[in-house]
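**Q** Listed in order, the protein sequences are those of chains U and D. So the first sequence is numbered by the working numbering: it starts at 1 and just counts up by one. So the second sequence is numbered by the working numbering: it starts at 1 and just counts up by one.
Rather than coming from a laboratory, the hints here were simulated on the basis of the structure.
Straight-line Cα separation of at most 20 Å, SDA-like style, residue types lysine to any residue; simulated pairs:
1) K92(D) x K139(D)
2) K103(D) x L152(U)
3) K153(U) x S106(D)
4) K196(U) x A5(D)
5) K196(U) x R10(D)
6) K80(U) x N38(U)
7) K153(U) x R9(D)
8) K139(D) x T70(U)
9) K103(D) x A155(U)
10) K139(D) x E142(U)
11) K196(U) x R9(D)
12) K196(U) x W160(D)
13) K153(U) x I6(D)
14) K139(D) x S145(U)
15) K153(D) x D181(U)
16) K14(U) x A5(D)
17) K103(D) x I183(U)
18) K153(U) x A5(D)
19) K196(U) x S157(D)
20) K153(D) x A184(U)
21) K139(D) x R7(U)
22) K14(U) x D3(D)
23) K14(U) x Q12(D)
24) K196(U) x Q12(D)
25) K14(U) x E138(D)
26) K153(U) x I164(U)
27) K14(U) x A7(D)
28) K80(U) x A130(U)
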Amino acid sequence: MGLLSSRISVTRYKVEGWLDGPVHETVYQSLKQRSIPNIEDDGSEAIVGWTSFETPYAPDFEGYSFVFGTHMIFALRVDKKSIPPKLIRKHYTIEAAKRLADTGRSYLSANEKKTIKENVVLNLSRRIPATPNVFDLVWNYEEASVWFFSNLKSANEALETLFIKSFGLHLIRLFPYTTADLIAGLSDGERDLLEKLEQRQSEG
Amino acid sequence: MLDVAIAYRRYQFLGNEFLTWLWFMIETDQNLLRQYDPDLLSLNIGSRLVLENTRNNGKETVTIKGDEANLEEGLVALKKGAVVTEMHLSYKAVGQDWLFSLKGESLNISNLKLPETGPLETSEDLEGVVIEKVYLLEKVIGLVNNLFSHFIKLRVSDTWHSQTLSHIRKWSVS
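Pulled out of the complex, with its shape left as it was, chain U reads as follows (with noise of 0.2 Å):
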């Protein structure tokens, strides 16, 4: 999902804040420290993290090779595994009437169970590959705006997380409020009625 499909969505941000220190330098600080590992054997269900835009199977930031003119422009790189429950199924079938072979037992408590299955998803999450779903964002810092062109729910939380922990500045997703409150340049009388505009559909 990028800024060169044929077809793009788009979620549009406010950025709240600005950084300390130089803007492309400690841009690339956050980025290297968050960009998304190259991890294939670890165990977890997802990994989140950044990518570059140009080479996101293979992050790199060097020479704030990122900023295009006045835009900064990245990508958020998300990597799942997904694991059929059929798969699961069949391990677990298997450990099970195993561990009640080498125990003699009939039958397996509701604990067991549970940890033969863990065991299993974890087992199998450490062999399959993850799928990396990319998801590009432009970033005008001057206008404090992003764009990020996803409009999935995982995807944009995803995104609201990592920017905060990156560069400690809060994302606000510009909705129909938002876009009022923030963006259409409303007086202060103007926002006062904007509130009241609840009021009354609510009581009407």
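Got chain U sorted already, so can you dock chain D onto it with the hints?
**A** Only chain D this time, still in chain U's reference frame:
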């Protein structure tokens, strides 16, 4: 500012009202739309329009699809109290066409097709193409922001109740 999750739910009706107003403006006053983008030649409903009526504790959805779709059914739904919740738009400026969908509750842009940009044949072409794409995106996002800003100022003014609502009602029955 209100909590974001609360504000999203409480004010999503504003986005639907915006799209309903925008349909009215598209059909009745293209000149005013040009004030918000001097390069604008036309803004028209594209291939999809979704309306929703939640009056009387029910929920009725009307979806009109197709490039040359007859929007009459949408006007009938408006008369019954429905609002537009999603619309596909065709935006034309000199020599350039954009197609995109806009959702009322989130103001998210989706299915956006930008005008053609220069070819991307070598890595040296990349920076130029990217800067061009960003410019084309700025045009469409700027248009949406400007239109919404105008709408919200109108919505909180006395003019909305004293004039605009009755003009929209007259148009929907005309």
